[in-house]
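Peer 1: Just so you know, the protein sequences line up as chains A and B, in that order. Per the working numbering: the first sequence = residues 1 to 214. Per the working numbering: the second sequence = residues 1 to 591.
Note that these hints are calculated values from the structure, not bench results. Careful, some of the hints might be misleading.
Taking lysine-lysine pairs in the DSS-like style, the calculated list, with each CA pair at most 25 Å apart, reads [claimed, not checked]:
id	chain 1	residue 1	chain 2	residue 2
1	A	Lys-194	B	Lys-82
2	B	Lys-144	B	Lys-102
3	B	Lys-82	A	Lys-83
4	B	Lys-274	B	Lys-206
5	B	Lys-82	B	Lys-102
Residues on chain B that point at chain A, a partial pick, calculated with CB under 7 Å [claimed, not checked]:
id	residue
6	Ala-46
7	Ser-81
8	Pro-83
9	Ala-88
10	Asp-91
11	Leu-96
12	Pro-99
Cβ coordinates follow ideal geometry from the N, Cα and C atoms, glycine included.
Below are the chains, spelled out letter by letter.
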Amino acid sequence: MRWRWLISFKAICTLLPPSVLAEAAVEGRVELPKSHSAPVMAKRYEIITRGGVLATQPPLAVVYLEGSFPKPKSPATKQIAQKDLTFVPALLPVQVGTRVEFPNLDDTYHSIFSYSPAKRFDLGRYRPEERPIPSEVFDTSGVVTLRCDIHEHMRGLILVVNTPYFVMTDAEGRFRLRGLPSGHYALKAWIDSKTTREKPVTLKSGETVQVNFP
Amino acid sequence: MMGVAEPDKRAVASFRTKLSAAMMLVVFALTALGLYLAQGSVATSAERNLQQRFQAELSSLHRLQEVRHAALAERCRVLASKPRIHAALEDNALDLLYPSAKDELRDLMEGEEPASKQAASTLHARFYRFLQSTGAVLPPPSLKDVGMLSTAAEAQLALKKLPNKQQTGYLSRAELGEDMVDEITVVPIFSTETGDLISALVVGFKPFELTAKSATSGMKSGIWVNGRLNLPSLPKPTQDALASEIRNVVTNGDRAQNNSRVRVNGTPYLLFFKQLNPDSLFPPAYEVCIYPLAGLIAQLHRLRLQIGAAGALLLLGGFVASHFVAVRFSKPVEQLAVDSEQSRAQRKRAEAALASTAEELERSTRYSADASHQLKSPVTVLRTGLEMLLAREDFSPEVYEELSALLHQTHRLTGVIDDLLLLSRLDAGHLQIRPEAVNLSQLVEEWLDDLSALPDSPEVRIEKQIPAKLYVAGETQYTSLIVQNLLENARKYNRIGGCIRVAAQMRNRDVCLVIGNTGRPIAPAAQAHIFERFHRATSDSAASGHGLGLNLARELARLHRGDLKLVRSEDDWTEFEVRFRVAQPAPDRAS
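Extracted from the complex, chain A is given alone in its bound form (with noise of 0.2 Å):
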């Protein structure tokens, strides 16, 4: 589903025509940590824990611009089902002040809870046909790590980011950000929960800047 949702913003990227984009734009690509696994065909991505860090497997990044931003008036709303035993998306980014909701879309229970300093909730057992969906608002940023305590291998992770620009690269790592105001900013990839790279960028309107991460 977020495949398809990255395949429709690449087509909307693509579709729109240049005068309407008049903020600066970011692309480059972030150097992925090596997979060991096989290429994945299924599109899936699952959580991972290697030495006690965190990362997407096969790897992801997402790269977001830091700086002060005005918070959004309504606040959006994301969601993260679990299905199959899993959280999809297994890694999602949200703004700060983000509602996520938690589906259930097994047909058993789930359990979900976190115990990350950014985000501390516990939604109790609940079954699919719970309504409203069990939800919970992350106004903290950070990395709040998703589990399930009655799936323990079930791991989650949402990077909450105190910024509206931010974006996930593609599986071998490339990115583009677009719509973003001009400016000194300080560019980020977050590779996994204790790697995160920064490098600084100056936009200019209606310019696109390379950014690679090593």
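Use these hints to put chain B onto chain A, whose structure you have.
Peer 2: Frame of chain A, contents of chain B only:
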């Protein structure tokens, strides 16, 4: 006889006493040995039984502990894999650790009763704590759900580093003025993500009571840890004394398991101890089991008394038996003693008689010899005087006749004296013969010739039947004396117109010379006495003789290993037989 029997009885009684004493000694020794062995074996087996019971109870305790540890390990494994616990530990939410664990460990802690009533066999814990990765205790947010524990006691739970396998320890603490011991189990918690040791769970239980079931046995058990002994059933001073005793034994011996005897406040105890948590990071704790020996000693004492009584009975029985046996044994001995005493008395009497007889014989022999010698000289003087008188020619013929008769009497006297002298030498055993071959035939011929030449010989016929060259072993002088005596007797006691028959013949290795003569026979009553000294066959004074001849002849014959005996004396015939040993003639004589 009474004088002999008296010491006898005493000797027998003494023998009987000795025999009984010896048997009593044997019985006593056996009883004592039996007593000693029985007592030793009883003591040893009692100790071994206690030891075995201790070991059995310890091993059952260890089985229970293992069950508990296994259950706990499983619990911890489950716990450690719980997402909330992991989340708390991994997501740096330690404040949520105890609340998260609370639900998980609720069944472990629930039903919390006063510690004293708590059944140790259940899995109910008294408290639990988590250890940080540094080994320090993670302080719980509230003591409500994790079990009360003083700060000092909690500090004892800390370890220098987290153990990577399950550990058992013991915690001695004073809570609410009450000494208590907790068995603590530490289970490591590994991260399921990194495999690292991230924490450890410490759970405190009430220790298993070792002798809860066998409280009646008098065995008491407790736990010694950190120099303190927790054995609530003992008074405090005793506990302290025992604790220091155990400290000595433990630190000196460094033995994981042992038993010894200790004396506390004058009361002896059998002490068993075994380390409960070998190879533990916690200080060593010992299961201590004491058994007051007072009961055992009393039991032993009772047993000793019983065995002693049995021994005394046995001894009494032995005494009676030995007495009977001694009496029975001593009876023949007694008889033997009496007999031997009697025979000894008899022998003594006989010996005394023999001694006196020999003495008398000796004295009489010496007397005879002396008398003979003393007589010989006056007789010779007398005979010489008579012969000188006979040589004078101025006496009347009656005087010559008288002198001649007197001279004859002196000859007789000389003969008697010679015989007596010879006999006394015989009696004294001084007469030694040097046997040689004597020609008996010739000897008899010569004496027969002499006999017929005697002046007063009656007219008797002489028949002789003697083979020529008959040699006998003997000394010529004495053999001749025998033959002379017999022939003179045969002539002397013959009647007028009678006859003398002399016959000699070889019989086996002997030569028998038989001399018979006619004449009045010897009276049957006198026949037995004719060989006695100074015996005369008849009181007929007409017959010359002095009653020594036959006696001397027989003594001499016997000296020559022959004999002389009266063959018969009846119907005008008296016959003597003398036996000589035959001898081979000497070569010079034979020629």
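Peer 1: Each hint: holds or not?
Peer 2: Evaluation of the provided hints:
Of the pairs offered as hints, the one joining Lys-194 of chain A and Lys-82 of chain B holds, with about 23 Å between alpha carbons and a cut-off of 25 Å not exceeded. For the proposed pair Lys-144 of chain B and Lys-102 of chain B, the alpha carbon gap of about 10 Å is at most 25 Å, so the pair holds. Distance check on the hinted pair: Lys-82 of chain B and Lys-83 of chain A sit about 21 Å apart at the alpha-carbon level, within 25 Å; holds. Note on Lys-274 of chain B and Lys-206 of chain B: the hinted pairing holds, with a Cα-Cα distance of about 19 Å set against a maximum of 25 Å.
Taken as a hint, the Lys-82 of chain B and Lys-102 of chain B pair is honoured in the structure, with Cα atoms around 12 Å apart against an allowance of 25 Å. For Ala-46 of chain B, the interface hint is violated, since its Cβ never comes within 7 Å of a Cβ in chain A; the closest pair sits about 58 Å apart. Taken as an interface hint, Ser-81 of chain B checks out: its beta carbon lies about 6 Å from the nearest beta carbon of chain A, inside 7 Å. Checking Pro-83 of chain B against chain A by beta carbon gives a least distance of about 4 Å; that is within 7 Å, so the hint holds.
With its C-beta approaching chain A no nearer than about 6 Å, Ala-88 of chain B sits inside the 7 Å limit, and its interface hint holds. Hint status for Asp-91 of chain B relative to chain A: holds, with the closest Cβ pair at about 4 Å, below 7 Å. The beta carbon of Leu-96 of chain B comes within 5 Å of a beta carbon in chain A, closer than 7 Å, and the hint placing it at the interface holds. Against a cut-off of 7 Å between C-beta atoms, the interface hint on Pro-99 of chain B is violated, since the closest Cβ of chain A lies about 10 Å away.
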